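Enquirer: Next come the chains, spelled out residue by residue.
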Amino acid sequence: MKFTSWRALGILMTVLPVAAWAANPALAGRWRLDPKRSTALDGWTAWDLVVSLDGTKISLGHDMAWRATKFFATNAVDTAQPTQAKDFFRVEQRHMALYAVRGAMTPVKAEWLDGERTLRIEAAVPVESSQGTGPMRIYQELRLIEGDRELLLIELHSTRGKPCLYRFTKVTGEK
Amino acid sequence: MRRLITALVCVIVFTVGLRADEAAAVAEPAPRAAWVMHFDGDWLVTKGLPEKVLLISLQGLANRAAPQLYVVHPKDFQWEITEPLFEFYQRKHGVAFTEVKTAGDALTLFAKHAKGYVIWEPSVSASMNVAFTIAGLEDAVVVTAEQVPLVEKHGLKKIDDLRGRYTGQTDAQIYTDAYQRYWARCTHDSLMLMGGHRGAVRMPGMADWGVRQKMFFHDLSANPIHAEEVALEKKLFSEMTPLGTVFGWHAYGKDTEEQHTTLLSSYGLRMEGLHNLPNLSFNCQFTFTPGFKFKNNNHVALDAKLTAEKKVYLAFVQSDSIGIGVWTKPGRGKLPFGWQVTMNWTKFSPAALEYFHESATKNDTFIGGLSGPGYMYPNHIPADKFDLLMDDARKLMATLDEHIMEIMDNSAADGNVGNADLTKETVDRYYKAFPNVIGFINGYGPARTRDLRDKRAMISYDYYIDPRRPREEVAADLNEMIAINAKRPYFLLVHVRESNDVNSLVEITKQLDGPLEIVPVDVFLKLAASNQTYTTRYQDPADPKHFKGL
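Line by line, the protein sequences are chains A and B. So for the first sequence, our numbering puts the first residue at 1; every next one is plus one. So for the second sequence, our numbering puts the first residue at 1; every next one is plus one.
Zero decoy hints are in this set.
Where chain B lies over chain A, by a calculated footprint (3+ residues, C-beta under 8 Å):
1. 38 to 52
2. 55 to 69
3. 85 to 98
4. 127 to 135
5. 160 to 168
Some residues of chain B that are not near chain A, with every Cβ distance over 10 Å (derived):
6. LYS153
7. GLN173
8. TYR252
9. ASP320
10. LYS329
11. GLU358
12. GLU498
Quick caveat, the hints were computed from the structure, so don't treat them as lab data. All values reported here derive from a predicted model rather than from experimental measurement. The beta-carbon is built from N, C-alpha and C at its ideal position, and this holds for glycine as well.
Based on the provided sequences and hints, a complete structural model is requested.
Expert: Below is the structure:
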């Protein structure tokens, strides 16, 4: 390898991690679920995804409602390193007897893909069922759609044979 | 102690009264004449409601001494059984019905049972309920000002006129005035919560029963934001006969089912709904046909021992009161179904129970509920009332040949999702009160109260089928439950909301991962007792509560 190649590689090594950490600012903001174009929610009647970025750290707020009940939970992920999240929130099908395990830690990995247009999140969420507690692996891709006004969330469960597809529209102005 | 003695005396008096009624009914099985009206579906306050209010109040009076007037509702009415039951009365009780076409014709036939009329004011919503209270006490029909000429043509005189009396007053003020004027003369055994639909549409279908029994009508709120109404309702509840019954339903939009049921349960009272349940004044006067005895389609003996194999066992239960369920829809019988029977109908509507029994398929099994002899939330029933109520439930279940008790407590839930669990203390009480049942079911939406004692399982619903949920998602949900509960046997108890149709459930079951067997709910509980692959769990005080109570 010639010197110039080593130099190029050095430059690449310096730039690549930065690229991996670089967040796409278009993801930030409040996104509202479009129920007509999404997999049917179960129990929940409204869902806003509220995203904020701070370097490699991404905060995913879930602003939820059903009937008179309002609920807000935040999942913090980091594209620079795997993390352990306490009480990781899962938008569950509420008519299933599957429950969050209070205080449990969830291993979470996050990564930017596709030129920072897709955020991939992998989490192994402890879930309580009638037979006890076990992990549910959740794989999510949040894909920015061309124009950055729409967001597609694809979610797979290790226990579910059918993907969930949620389409969001950017909320501008007031909530 | 005095309260306990009073309660016992009331139970004895009620039981004796019931037996007398039963004896009278059994003694008169001979064919009889009666009349029928066919209602349309127009309950608009500005259109069809006033005539229905008049006719329903007249029905309550006409049916005081004998069953004379029955109402058949359109097929899309919430209570779908009025027509099948109409046919049942003809076939099994020899009732020869003559159709009554108009309100005028009804008055011609039955005005003699009224002493006069009371005028309500449609612009003052609560005045309808006050007028129904007066109707029961004074033998009056309930009319608007526009209907006065019609009833006067039939010889009725004005007894009271509520126009202007309550203008500008709050519901709390109106019902406080009514309480002071009428409550002392009303029955204290029961109360008519005539709520339900509000605003442009109202459906007081159950008012005939309240008029006949001289109940106090109201639609007071159990929502803490309506403090004056809650206070008055608590006063009424505290002055009712112990273990009494609240008929009707809560007022939509004013409070919630959870709030109201929690409140009345805390007084040891029981709920019988809905506000639009028709014809109780007629139905209560028939008992089971001579020689009829309930023989439930129990699939397993009480003392049988079954052993679960390494597979998934699934059972379906429908609990929204059998009369509003999928009973009359196509497909019933294709799958084993447990049907929660409103066991109090043994007292108020035995013919309806006999109708369900005779039309049951081998796949239809009746179970007791809901929580006791009526709808109530057991986590809130006072300890000194619990055993008395469950004594009644046990007797009713024996009459109905039911071997399973279904329990529901949504006092910490919000609708059909949320916390529907039982405290350990409540579970202890049920095991003690029902030593002879095969087992217990808990929940409405999913719940996580589970136990196994004395080879009798208590299993909560692991899944609730929302009729609006796309069928492919229901299948995916159930398969996910099967995947995540990986130990075999897995006991998957499914609650079917009333408006689901059975044919779509059949299609769902074809998509489920196996090895899977769909079994009747009594077999399910016996199998669940043979191998506890589920955890023992009760309501944990730290679990999320979505409705904080009163």
